[in-house]
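2 protein chains.
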Amino acid sequence: MALIVQKFGGTSVGTTERIKHVARRIARWKALGHDIVVVPSAMSGETNRLIALAREISASPDPRELDVIASTGEQVTIGLLTMALQEEGLKARSYTGAQVQVLTDSIFTKARILRIDDRKIRKSLAEGCIVVVAGFQGADSDGNITTLGRGGSDTSAVALAAALKADECQIYTDVDGIYTTDPRVVAEARKLDTITFEEMLEMSSLGSKVLQIRSVEFAGKYKVKLRVLSSFQDDEGEGTLITIEDTEKMEEPIISGIAFNRDEAKLTVVGVPDLPGTAYGILGPVAEANIDVDMIIQNAGRDGTADFSFTVNRADFTRATRILESIANQMKARGVIGDNKICKVSVVGVGMRSHPGVASLMFSALASENINIRMISTSEIKISVVVEEKYLELAVRVLHKAFGLEQAD
Amino acid sequence: MALIVQKFGGTSVGTTERIKHVARRIARWKALGHDIVVVPSAMSGETNRLIALAREISASPDPRELDVIASTGEQVTIGLLTMALQEEGLKARSYTGAQVQVLTDSIFTKARILRIDDRKIRKSLAEGCIVVVAGFQGADSDGNITTLGRGGSDTSAVALAAALKADECQIYTDVDGIYTTDPRVVAEARKLDTITFEEMLEMSSLGSKVLQIRSVEFAGKYKVKLRVLSSFQDDEGEGTLITIEDTEKMEEPIISGIAFNRDEAKLTVVGVPDLPGTAYGILGPVAEANIDVDMIIQNAGRDGTADFSFTVNRADFTRATRILESIANQMKARGVIGDNKICKVSVVGVGMRSHPGVASLMFSALASENINIRMISTSEIKISVVVEEKYLELAVRVLHKAFGLEQAD
Numbered sequence: 077m078a079l080i081v082q083k084f085g086g087t088s089v090g091t092t093e094r095i096k097h098v099a100r101r102i103a104r105w106k107a108l109g110h111d112i113v114v115v116p117s118a119m120s121g122e123t124n125r126l127i128a129l130a131r132e133i134s135a136s137p138d139p140r141e142l143d144v145i146a147s148t149g150e151q152v153t154i155g156l157l158t159m160a161l162q163e164e165g166l167k168a169r170s171y172t173g174a175q176v177q178v179l180t181d182s183i184f185t186k187a188r189i190l191r192i193d194d195r196k197i198r199k200s201l202a203e204g205c206i207v208v209v210a211g212f213q214g215a216d217s218d219g220n221i222t223t224l225g226r227g228g229s230d231t232s233a234v235a236l237a238a239a240l241k242a243d244e245c246q247i248y249t250d251v252d253g254i255y256t257t258d259p260r261v262v263a264e265a266r267k268l269d270t271i272t273f274e275e276m277l278e279m280s281s282l283g284s285k286v287l288q289i290r291s292v293e294f295a296g297k298y299k300v301k302l303r304v305l306s307s308f309q310d311d312e313g314e315g316t317l318i319t320i321e322d323t324e325k326m327e328e329p330i331i332s333g334i335a336f337n338r339d340e341a342k343l344t345v346v347g348v349p350d351l352p353g354t355a356y357g358i359l360g361p362v363a364e365a366n367i368d369v370d371m372i373i374q375n376a377g378r379d380g381t382a383d384f385s386f387t388v389n390r391a392d393f394t395r396a397t398r399i400l401e402s403i404a405n406q407m408k409a410r411g412v413i414g415d416n417k418i419c420k421v422s423v424v425g426v427g428m429r430s431h432p433g434v435a436s437l438m439f440s441a442l443a444s445e446n447i448n449i450r451m452i453s454t455s456e457i458k459i460s461v462v463v464e465e466k467y468l469e470l471a472v473r474v475l476h477k478a479f480g481l482e483q484a485d
Numbered sequence: 077m078a079l080i081v082q083k084f085g086g087t088s089v090g091t092t093e094r095i096k097h098v099a100r101r102i103a104r105w106k107a108l109g110h111d112i113v114v115v116p117s118a119m120s121g122e123t124n125r126l127i128a129l130a131r132e133i134s135a136s137p138d139p140r141e142l143d144v145i146a147s148t149g150e151q152v153t154i155g156l157l158t159m160a161l162q163e164e165g166l167k168a169r170s171y172t173g174a175q176v177q178v179l180t181d182s183i184f185t186k187a188r189i190l191r192i193d194d195r196k197i198r199k200s201l202a203e204g205c206i207v208v209v210a211g212f213q214g215a216d217s218d219g220n221i222t223t224l225g226r227g228g229s230d231t232s233a234v235a236l237a238a239a240l241k242a243d244e245c246q247i248y249t250d251v252d253g254i255y256t257t258d259p260r261v262v263a264e265a266r267k268l269d270t271i272t273f274e275e276m277l278e279m280s281s282l283g284s285k286v287l288q289i290r291s292v293e294f295a296g297k298y299k300v301k302l303r304v305l306s307s308f309q310d311d312e313g314e315g316t317l318i319t320i321e322d323t324e325k326m327e328e329p330i331i332s333g334i335a336f337n338r339d340e341a342k343l344t345v346v347g348v349p350d351l352p353g354t355a356y357g358i359l360g361p362v363a364e365a366n367i368d369v370d371m372i373i374q375n376a377g378r379d380g381t382a383d384f385s386f387t388v389n390r391a392d393f394t395r396a397t398r399i400l401e402s403i404a405n406q407m408k409a410r411g412v413i414g415d416n417k418i419c420k421v422s423v424v425g426v427g428m429r430s431h432p433g434v435a436s437l438m439f440s441a442l443a444s445e446n447i448n449i450r451m452i453s454t455s456e457i458k459i460s461v462v463v464e465e466k467y468l469e470l471a472v473r474v475l476h477k478a479f480g481l482e483q484a485d
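Going line by line, the protein sequences match chains A and B.
Taking our numbering, the leading residue of the first sequence gets 77, the next gets one more, and so forth.
Taking our numbering, the leading residue of the second sequence gets 77, the next gets one more, and so forth.
If you are wondering where the hints come from, they were derived from the structure by calculation, not from laboratory data.
Among these hints, one or two may not hold up.
[Unchecked claim] In the SDA-like style, the derived pairs of lysine to any residue whose C-alpha atoms are separated by at most 20 Å in a straight line are:
id, chain 1, residue 1, chain 2, residue 2
1, B, 199, A, 216
2, A, 167, B, 182
3, A, 199, B, 134
4, B, 186, B, 216
5, A, 167, B, 134
[Claimed, not checked] If you want a taste of the chain B side facing chain A, the calculated C-beta under 7 Å gives, among others:
id, residue
6, 132
7, 133
8, 134
9, 156
10, 170
For each residue, glycine too, the CB sits at the ideal point set by N, CA and C.
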C-alpha cells in the first residue's frame with residue numbers, strides 16, 4: 077500500500093462529465109489499497125473567467141483581492157470532485173489551501189509555499205478518506221488567501237507529496253508522458269519511460285510545457301518521485317517517471333529529446349563600441365521594461381565594435397526594438413536589426429556530458445538539410461540553435477532521426 | 077460619525093457595472109465620515125449556477141462539499157467590490173466568513189451563527205478601510221466552510237451589525253422600502269417610514285419577501301436598527317426603518333399592510349371520526365414527508381365526525397393528497413377534497429391588539445365584493461383568510477382601501 081498524490085489539470089476536470097471520469101480513475105487506484113491525496117486545478121477556462129471579471133473592475137487589480145477571487149476556481153473543483161468520489165461509494169473530503177493549511181509567503185498572485193501542515197490530511201486519510209486538496213492556493217501567516225501563480229497546481233501537488241513523504245506524485249495531463257519531441261511535428265516521436273529532473277527542466281523551459289518548471293525544481297529538491305500520466309486514456313499506463321539521475325543512466329541514450337519554441341524573436345545591436353559595460357548598457361533598460369531575455373551572444377569585431385544579439389519572447393519584439401533604437405543612438409552604435417521569424421530548437425540530454433561530438437552531430441544534421449544556424453547557445457546538458465521559423469519542423473525531424481530517438485531504448 | 081453595516085443583494089451586484097455603481101454609493105457614505113462594513117451577496121444567478129454544477133455530479137450532494145462550492149459566489153463578489161472601492165480611491169479590504177471569523181455550528185447549508193470575532197474588522201476599520209465581508213457564510217470550530225442557507229446574507233449583515241454594535245444595518249435591495257402591499261397589485265400602495273419587527277415578521281412569512289425572516293428575528297433579538305433601502309435609485313432616500321415597538325406606535329394606523337401568498341393549496345379530510353388523536357394521525361405522516369403545513373382548521377360536525385382542513389405549499393399538493401388518501405382510508409373518513417386554486421390574504425398590524433373590529437371590517441370589505449372566505453386564521457397582529465385565487469388582486473385592493481392605507485400617515 078502506497079501513499080500517492082494525484083494532480084489533475086484543468087482540462088481533466090473541465091466538465092462535470094470529466095470530473096466523474098476522474099473520480100472513477102481515482103476509485104481504481106483506491107481499490108488497489110493505496111492512500112490517495114488528489115490535487116485538482118480549476119475547471120479549464122474558469123481562472124481566465126475570474127481574472128476577466130476582475131479586469132472589468134480594474135486595469136491593475138489589487139493582488140490580494142485578485143487571489144481572493146482566483147482561488148475560488150479550485151475551491152469549486154474540490155467540492156465537485158469530492159462529491160463525484162462519494163458517488164463512487166468512497167469516503168472523501170475536501171480542503172482548501174487555507175484549511176490544510178498550506179502556509180505561503182505574502183507575495184500575492186505568485187506566493188511561494190513555506191510549510192504544509194499535514195495533520196488534517198493525515199487524520200482524514202486515517203479515517204479512510206480520499207483527500208481532495210485545492211491546488212494553486214494557500215494562505216499566509218495572517219490568514220490571507222494567496223495563489224501560487226499560473227500552473228501552481230503542479231507545485232501544490234509536489235509540495236504536498238514532499239510534506240506527506242508520498243511514495244509518488246502523479247501528474248495527470250492531456251498527454252500520456254514526456255516524448256522525445258512533439259508528436260505533432262515528428263510522427264515517430266517516442267514516449268520516454270524515464271527522464272531526469274535536469275533534462276525535464278531544460279525541456280520545460282524550452283517549451284515542452286507539460287509540467288510547470290517550479291514543480292520540477294521542487295520535486296528535484298525534495299526528491300519526490302514524479303510521474304506524468306494521461307488522464308484521457310482509459311488505461312493510464314506507466315507514463316514517464318522523472319528520476320533523480322543515477323548510475324543506471326550511463327546505459328541510456330545520449331540525447332533524451334528535441335525541444336523547440338516558436339515564440340522567439342531575435343534582436344541585434346550592430347557596431348556597438350566594444351567597451352566594458354556594453355552588455356549592461358543594452359540589457360539593463362530591457363530588463364527594466366520587464367522583458368525576459370533568453371539567449372545572448374556578443375561577437376567582438378576587428379574594428380573596435382561588437383555585434384550584440386539576444387532573443388526575446390515574440391510578444392515583446394516591438395517594445396524591445398523601440399528600446400534598443402533609443403539605446404543604439406545613445407551608444408553611437410551603427411543600428412538595430414530585428415527578426416521575429418525565428419525559432420529555437422534544442423537537443424537535451426544528460427548523456428552529452430560524457431559524450432563529446434553531440435554538437436557536431438547536431439550541426440552536421442542541420443547542414444545536411446541546408447538549414448542555416450543563426451545563433452548557438454550551450455549548457456551542460458543542452459545545445460540550442462536559432463534557425464529561421466520556416467525550418468522548424470524540418471529541423472526537429474532531422475535531429476530526431478540523427479540522434480536515433482525513434483528507436484526503443 | 078457612525079458605524080454602518082450595508083448589505084447589497086445579488087441583483088445589486090449582478091454585473092461588474094452594478095458593482096462599480098454600488099462602490100460609488102458606498103463612497104458617498106464614506107465621504108460623510110462614517111465607518112462602513114459592506115456585506116455583498118453573490119452575483120445574481122451565481123449561486124444557482126454553482127448548485128446546478130453540484131447537481132450534475134450528484135442528485136443529493138454532500139452538504140459539507142456543497143458549502144465549499146456555494147460559498148465561492150460571495151468570495152468572488154467581495155474581491156470584486158473591494159477592487160471597485162479601491163478604484164474609487166478608497167482603502168478597502170475583503171474577508172471571507174472563515175477569515176473574520178464568523179463562527180457557526182456545523183449544520184451545513186443552513187448553519188447558524190454562534191459568534192463573530194470582530195478583531196480583524198475593527199483593525200481594518202481603524203486603518204481607514206472599508207471592510208467587505210462575504211455574506212451567507214462562516215466556518216465551524218473545525219474550520220469547515222458553512223453557509224447559512226438561502227437569503228443568509230441578510231442574516232450575516234444583521235449578525236455583523238450586532239457584533240460590531242453598529243449604529244444601523246442597511247439592507248439595499250431592489251425596492252425602496254416596505255410597502256403597505258405589493259405596488260404591482262395596488263397602485264396606491266404606500267411606502268412605510270417605519271414598521272415594527274413583529275409586523276415585518278408577519279409580512280415576510282406571508283410572502284413579502286424583501287428581507288429574510290431569520291435576519292428580522294435576529295435584528296429584533298439583538299436590537300439592531302434595520303433599514304431597507306433601494307440600491308437602484310440614485311438617491312436611496314430614507315427607506316423603511318424596522319423598529320422595536322414603542323409607545324409612539326399608539327399614534328400609528330391600526331393596520332400596516334396587506335400581505336398575500338399565491339403558492340397555497342388547501343386539503344380537507346372530510347368526515348373523520350371526531351376522536352382524540354385525529355389531528356396527529358393526519359398531520360404526523362404529512363410532517364414526516366417533510367411537507368410544511370400552514371393554516372389548520374378543524375370543524376366538529378353533529379354526526380360525531382369532523383372536517384379537518386389545512387393548507388400546504390402548492391408544490392407539495394399532489395404528494396400531500398396521496399398521503400391523505402391513504403390516511404383517510406385507514407381512518408374510515410368519508411374522503412379527501414383538495415383545492416390548489418386558492419390564495420391567502422392577510423392584514424397585518426400591531427395596532428389591532430388595541431383595536432377591536434379589525435376582523436369585522438376585513439370580512440365586510442370582502443363581502444362587499446362578493447369574495448367568499450374559505451378559511452380564517454388569526455394571530456395577535458394578523459388576520460389571514462383563504463380565498464379563491466382569482467379574487468386575489470381584488471381582495472388586496474379592497475382591503476388596502478378599507479383600511480385607508482393609501483393615505484399618508
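Consistency of the hints with the structure:
With a C-alpha separation of about 18 Å, the suggested pair residue 199(B) and residue 216(A) falls inside the 20 Å cut-off, and the hint holds. Only pairs whose Cα atoms come within 20 Å are accepted, and residue 167(A) paired with residue 182(B) is accepted, the gap being roughly 19 Å. Only pairs whose Cα atoms come within 20 Å are accepted, and residue 199(A) paired with residue 134(B) is rejected, the gap being roughly 26 Å. At most 20 Å may separate the alpha-carbon atoms for a hinted pair to count; residue 186(B) and residue 216(B) meet this at roughly 12 Å.
With a C-alpha separation of about 14 Å, the suggested pairing of residue 167(A) with residue 134(B) holds against the 20 Å cut-off. Annotation: interface hint on residue 132(B) holds; nearest CB of chain A at approximately 4 Å, less than 7 Å. Because the beta carbon of residue 133(B) sits about 5 Å from the nearest beta carbon in chain A, less than 7 Å, this interface hint is met. Because the closest C-beta pair between residue 134(B) and chain A is about 5 Å apart, less than 7 Å, the hint holds.
For residue 156(B), the interface hint holds, since its Cβ comes within 7 Å of a Cβ in chain A; the closest pair sits about 5 Å apart. Interface hint status for residue 170(B): upheld, as the beta-carbon distance to the closest one in chain A is roughly 5 Å, under 7 Å.
Of the numbered hints given earlier, the model fails hint 3 alone.
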